[in-house]
Each structure stands twice: as structure tokens, then as C-alpha cells.
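A.B. asks: Same order as they appear, the protein sequences are chains U and F.
For the first sequence, the positions run 519 to 951 when the working numbering is used.
For the second sequence, the positions run 23 to 392 when the working numbering is used.
Treat each hint with caution, since some may be false.
Examples of chain U residues toward chain F, derived with CB under 10 Å [unchecked claim]:
hint, residue
1, 595
2, 630
3, 643
Straight line, CA to CA, 25 Å or less: simulated DSS-like cross-link-like pairs of lysine-lysine [to be verified]:
hint, chain 1, residue 1, chain 2, residue 2
4, F, 155, U, 580
5, U, 647, F, 384
6, U, 859, F, 347
7, U, 880, F, 190
8, F, 93, U, 577
9, F, 383, U, 647
10, U, 732, U, 562
11, F, 155, U, 576
12, U, 859, F, 190
13, F, 190, U, 856
14, F, 155, U, 722
15, U, 576, F, 93
16, U, 828, U, 896
17, U, 643, F, 384
Sample of chain F residues with no beta-carbon within 10 Å of chain U, all distances over it, derived [unchecked claim]:
hint, residue
18, 52
19, 57
20, 80
21, 176
22, 211
23, 216
24, 232
25, 266
26, 278
27, 288
28, 319
29, 328
30, 342
31, 353
32, 354
In short, the hints are calculated from the structure, not lab data.
These numbers were taken from a predicted model, which means no experiment stands behind them.
Think of the CB as a built atom: it goes at the ideal place given N, C-alpha and C, for glycine as much as any other residue.
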Amino acid sequence: MNYPIWEVPIIGGGWLIGIVAVIHVFVSHFAVGGGLFLVLTERKAYRTNDINILNYVKKHTKFFLLLTIVFGALTGVAIWFTIGLVNPQATSALIHIFLWGWAIEWVFFFIEIAAVMIYFYTWDKIDRKTHLIVGWIYFISAWMSMVVINGILSFMLTPGAWTQTRDFLDGLINPTYFSSLAFRTLTAIVLAGIYALFTASLLKDKKVKQTIVKYSSKWVLPFMLLLPLAGLWYYLTLPEIPREIILGGITFVSNTAIVGLIAGALIFFTVLIMGFLKPNLYNTPVAVFVLLLGLASMFAGERVRESVRKPFVLVDYMYSNGLLLSEFDKIKEDGIIKNSKWSSIKEVNEQNQSEAGKEAFKLYCSSCHIINGYNDVKPLITEYDEEMLTAIINELENYQGYMPKFAGTEAEAAAIAKWLVKFNKENMKGEIK
Amino acid sequence: MIDQTMIPDIDPIALPAPIWLLKFLLLLTFTLHILAMNVAVGGGFVAAFTEYFGRKKKSQNHFELSRGIAKMLPPFTAFTITLGVAPLLFLQVLYGQFFYTSTILMAWPWLSVIVIFILAYYGYYIFSFRWEKLNGKRFWAVLISATMLATIGLIYVNNIVLMLTPDKWKAMYFANPHGTHMNFDDATLIPRYLHYIISALAVAGVVVIMWGMRKLKSDEQLGKWAIRYGAWWFLIPTFINIGVGVWWLIALPREFMLMFMGGNQLATGYFLVGLASIFVCIMLMFVGMNASKPIGKIMAAKLFFLITIVTMILMRHELREAYLKPYINWDAVQTEPQWGVIIIFALLLVGGLITVIWMLKKSFGKPAIN
Ligand code: HEM
Chain U
519 MNYPIWEVPI IGGGWLIGIV AVIHVFVSHF AVGGGLFLVL TERKAYRTND INILNYVKKH
579 TKFFLLLTIV FGALTGVAIW FTIGLVNPQA TSALIHIFLW GWAIEWVFFF IEIAAVMIYF
639 YTWDKIDRKT HLIVGWIYFI SAWMSMVVIN GILSFMLTPG AWTQTRDFLD GLINPTYFSS
699 LAFRTLTAIV LAGIYALFTA SLLKDKKVKQ TIVKYSSKWV LPFMLLLPLA GLWYYLTLPE
759 IPREIILGGI TFVSNTAIVG LIAGALIFFT VLIMGFLKPN LYNTPVAVFV LLLGLASMFA
819 GERVRESVRK PFVLVDYMYS NGLLLSEFDK IKEDGIIKNS KWSSIKEVNE QNQSEAGKEA
879 FKLYCSSCHI INGYNDVKPL ITEYDEEMLT AIINELENYQ GYMPKFAGTE AEAAAIAKWL
939 VKFNKENMKG EIK
Chain F
23 MIDQTMIPDI DPIALPAPIW LLKFLLLLTF TLHILAMNVA VGGGFVAAFT EYFGRKKKSQ
83 NHFELSRGIA KMLPPFTAFT ITLGVAPLLF LQVLYGQFFY TSTILMAWPW LSVIVIFILA
143 YYGYYIFSFR WEKLNGKRFW AVLISATMLA TIGLIYVNNI VLMLTPDKWK AMYFANPHGT
203 HMNFDDATLI PRYLHYIISA LAVAGVVVIM WGMRKLKSDE QLGKWAIRYG AWWFLIPTFI
263 NIGVGVWWLI ALPREFMLMF MGGNQLATGY FLVGLASIFV CIMLMFVGMN ASKPIGKIMA
323 AKLFFLITIV TMILMRHELR EAYLKPYINW DAVQTEPQWG VIIIFALLLV GGLITVIWML
383 KKSFGKPAIN
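Work the whole structure out from these sequences, hints included.
C.D. replies: Set out below in C-alpha cells:
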């Protein structure tokens, strides 16, 4: 109600965040798990005195560096940019609540970047023990930055006691904190293996390749077996409503979850058969396929988590459209349009009804419904006339269960209905033609 | 009359720290960001021209230097981002209502920063890792990357200035809500931008001098050459920048210009100290570059240069406060400092710095860059 709305055609801001976030998560979890992979594999190479493994880790370090500190770091900044653009109100709230969480995360980020560069540039230049220590410093600080950020992300869905106490730690260590940390950590380790399988598949020497493929498969398989357990734990720590939604309350959400599970199962069996049992089969196309499956299951996971949060962006604090729950009553009194700093119209009257409806829709509904784009309302309302639409809008929270209460006045509800119903008329004309 | 109604309300959640602390951390981390950025961007341009001169003059010195800079560019680019994230955080918490709004107006150019940065950064890695193989193409590889990074600076300046002028927002947004605006009609924009970019060249010049000082032991001829060469890269941009600075000053709205000329004691004070120290710095640099034992003089010049940069950043801050004065009343901004977490942050920061210094010492014998 405070900020201008950035109009993103077709996909809308929500999807923009989603795309950027999934890409980032896919690389940043690798940045954590891959750190562990590097040090442990380096240690193994020293212990077994295996020059082939050592040469492989060195090559893998370069890939790791180029992917994580360039692409990983910048897609992280990109998330900041997009959430600030699409939902400035929520971004501002999170930054006010968790400023010091982010500041602490930044310290770890700083150590992480320094450590990974030093690790890369000092291969063969410093003694082995120190090099390993630098690797450990990298992994620990990378994981610590996840430890912090995980609190902020899980807070958005399960604010827990924070809602009452407004206490930093209550918000950070919230009901889904530990379960999601376990899930993320396992994901990071599995991803480390999946990426390692990719770089291994590029190796020229057949025998070395098979050794590394087999070794990397062992990174994937056991931890992947644990993932469903962590998933279950996470599920059990969720509040009731999200649980119901996942179990079929909203079809597309449960379908998305199923897609994620199938992708996960495919990864498991591909790696089991072509990586662990018959490592000579693991070529680059297979490796890319498995990476894409990983991306798909990540995507499904993020999507489910985002969906069960509706109608909130910050549960029990702020709706997806930026409206604070605490301001609801105040706004209900004289309406959305009047209370929005960036509305072009200041009141609804006889002459401007349809225009005002369009404006109120933009302010209140467009964070989730893009006209002619994602989650378009037009096909959803073809069955309704103006009166029914007005009634639905006035009781928005009862309609499907994942929309917010309507903070507008009755006149605004009527105005939105008037504007929306025009689309039905257009539709009908189209059909007659 | 200024239309205040468009400015978003301040966030209802109190600031989790005293305002002075947040502003201090903003300025501190921003200073570090700008220094890293100066080496990453200025260094790229210096490398490009050094390549060019090297080829024309068939000079081995130039190529040695180009190779040296090539090694520095990726790490400094990494630290430009890392040290940019921190001021981004403090900027949002302090000035969110201005910053988010102006960002929304220029959303697409703003997002393009990410894409440009990724491309330029990979370009630097290519320049660095394939320095030998690129050979004739080196000039282009580094020039294109540096130009892309410099473009990012331009987009930043657009936004950081637009956030200061809320009276322009309304017309912009209602003309087009799709986030494709820029802010080029602001008269201060170009001189402001040039002032930053040209000083990046000067800072890169100082880095070349430092590189030369390290070379003195192993290759005196090369070291001496680099010190003189770097000094020119410092001196010429700095002279030009004095002119550009004056241009920026006159381009400012009159009341803000006068602020630095006696109107505001603090702002004027910063300005005088800055001018005095750059003057001393230039003198020391002239003496140092020709001296048989240059190190002491150059170190002193470096110190005065740093003082100048800090005063410039403080002036920039006073300017922002002056622009925003009609729109924000700091006394009314609520704070509820979370001292417990602040202390944890401070301890971790100290621990982190010690860790990084330890790693650098262990790896390179002494800190890579002093
Ligand atoms: C090489 C690329 C970059 C260049 C050339 C660059 C350059 C600049 C310049 C010239 C300014 C001053 C703007 C003004 O005062 O008008 C600035 C400010 C800033 N930069 Fe960068 N920047 C770069 C990358 C980044 C990145 C990647 C981030 C964040 C992750 C960042 C964060 C910031 C922030 C937060 C400010 C504003 C600080 C303030 O106003 O207090 N920069 N940058």
C-alpha cells in the first residue's frame, strides 16, 4: 500500500523471484556441500597417495570457483534485487527484523569468498596441512552462512513465537528451523555429489573417470536415502494448514510435490545404476540430465513452500500484496485506493467505477494475478456475474482458502467486479464470433 | 510545494540499532566497496591501455605489468561484490523508503546489473587465466569487461541520485510503471559519475605503484618503471578530476553547493581537509616518483590519498542528508537496538578478519596487498 507496483508482464514479479531463487539455490547449496566434497576428497587423495584423485580435485576446484563465486554470488545479489523490486514492503520488514542476522551472514560470506580464492590459488603453493585447513575454513563459513539464512527463510512460513514476542532469536530459531536446516544440509551434500559426477564425466582417462564416478556416487546415494526422512521431519514441523494443502488440499501443490519426489527418485536410480553399479555408463549427457533433474526437484520444493504460504508473504504478519495484518482494520475503513500512496485514483464514484476497479485490482490482487499472464483471473471467473463477483470479493478469504481477506470497501469490491465482468463479456463476444 | 504523499511510510518495525551505528557501518563498508571497485574497474582500464602501449612500443615492461594486473582483477572483482552487499544492506534499512521506490522506477536497468556483472566477471577470468593464449586479443578482453563494469557504476549512480529526488517520481511512474526509467536528466549525474570513474583510474595508478615497489627487489628496472608509470596514472586523472569535481559542485542545486562553501561547517570542513590532503598527496607523489628511495614518500602519499577519499565519501553523505532533509526526520525514527546480537556480530567480524588475515599470511608470506 506504500510502494509503487512494478508491473511485470506475463510472468509477474512472483515468478521472477521464483526463477532467480531456484537458480541461486541450486548453485548456493552446491557452494556449501561442494566445500565439504573438496576437503574430504583432497584428504582422501593425500591418504591414499593417489595422484589421479588429486589432479581431479584441482580441476574440480576451478569449476567450483568459477561457478560459485561468480554465478552463485551474483544470483544471490539478484534475489535481493528482485525481492526489493517485487515486494519492497516485505523486504523492508525482513531487513528490519533480521538486519543483524544478515550482517552476521555477511561476515561468513566474506570469509567464504576469501577462503575459496585462497584455496584455489594456493594449490601446490603451500603445505598440504594448511591447504586443508583453508578448505575447512571455507566449508565451515559457507555452512554457517546457511545456518543463519535458513532461519530467516523458514521464519517467513513459521514465525513461531516471534508473532508475540518480536524477539530476534524467536524469529530465527522458529518451529521449522532445525528440520529445514537438516533438509538443506543434506541437499547440499547430495548436490556436491551430483556436480562432482558432472565434472567426473568430463575426464578423459577411462579408469580415473570410473573411480571418481563411483566415489561421487557414494556422496549422493546414502544422503539421498536420508533426504525423505528430513523431508518428513520438516513436514511434521509444519502447521496444520500447509500440511493439508500438501496432502491434496490444493491439487497443483500436491502434484508439484509429487513431481519433485519423482525427480528425486529418478536421480537416485540413475546414480545407483549408471554411477555406482556400472560407472562406465555415466557420460556427460547423463550427468547433465541428472543435474536438470536436481534443478527440477529443487524447483518443485521451492514452489511447494511458496504455495503453502499463501495468502501471506510473512505468515501472520503480512499478506502477499504487502498489506500488514495490523493495518487491516484501518484500511478497511476508507479503502485500498485511498490508503495507497501510489494509486492514480483517489476515490470510487459513479463515473470512474470501472477505472477504480482496475486500480484497486492492481493494488490488491496483482501480486498474484497477472492479467493475460500468470494465474490470470479471466478464465477463473467466466461462470460469475457482477453480483456474484462482488460477493466473492467481499469474502475473499472464504473463496479458496489461500486469498487474503479483502481490505477494500464495499464500493471497491463492486468496482473490481464491474471491471472484471467486462472480461466475461469480451469472452462471450469472442465465442460468438 | 513538494508532494510528500508519495513517499512510502517508514517501516513500522523499529531500527535494530542506533542510527549513528548504522550510518557508520554504511559509510565504512561503502568506502571499502569503492576501493575494491576502483581497483577492479580502474585496474581493468589501466591494463587495457598498458596492453595497447606495450604492443605499440614493443615493451616488455608493459606486458609484465599487464600480467600482474590480470592476476589482481578477479579477486578485486570478487571483493567489489562482497563489500557491496554490506552497504546494500545498511542502505536499505536506513533509506529503504527512498531506495526501493527509485529502484522500482528503474527496475530493468537495475536488474541488468546482474547480467552485465556476470559477463564482465567471466571476461576478467578469461583475461586472467588465458593471459598467454589470448595474446593479441587481450586488449579487447579486458577493455570490454572493464567497460561493462563501468556501465554498472553508471546504473548505480542513476539510482542513488534518483532516490534523493522524490519530487520526480510521480510523473515518472504514471508515465510508465514498467520500470524502464533512467535518470539522465539530472544535471549532477554525469559529473558525479565521471568523478567516481576517473578516481578509479587514479586508485589503480596507486596500485600499479605498489606493484612496482614490490618488484624493486627482484627487478629494479621494472620496479622503477612501474612506479613512474603508475604515478602518471595517478596524477593525470587526479588533475582532470579536480576539474570534474568543480563541475559537479556547480551542477548541484545552489543551496547544496553553498553548503560546501561555508554554508555548513561540517561539510565545508570535510571539503577543506579533502582539498588540502589531495594537494599534499600530489606533491609527495611528484617527489616520490623521481626519488632514489621512493618508498617512504609514496607511503605517505598513499595515506593522504586515503584521507582524501574518506573526506569525499563523508561529503557525499552530507549531500545525501541535505537532499533528504525535507523528507525524513531522524529524530522521529524509532530505534530498539538489539545489543546482544550486535555484540555477536562485532565479535564474529573481528574473528573473521583474524581468520582472513591468518589465511593470507600463511598463503602468501605476507598480506597480498599492503
Ligand atoms: C564493478 C561494478 C560496480 C561498480 C563500478 C560500482 C560503482 C559504484 C558507484 C560509483 C557508486 C556510487 C554511486 C553514487 O554515489 O552515485 C556505488 C554505490 C554503491 N554500490 Fe557499487 N558498484 C559496482 C558493483 C556493486 C555491487 C555488485 C553491489 C552490491 C552487491 C554494489 C553496492 C553498492 C551500494 C549499496 C552502493 C550505494 C552506497 C550508498 O549510497 O551509500 N555495487 N557503486
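A.B. asks: Can you list which hints this structure breaks, lowest number first?
C.D. replies: none
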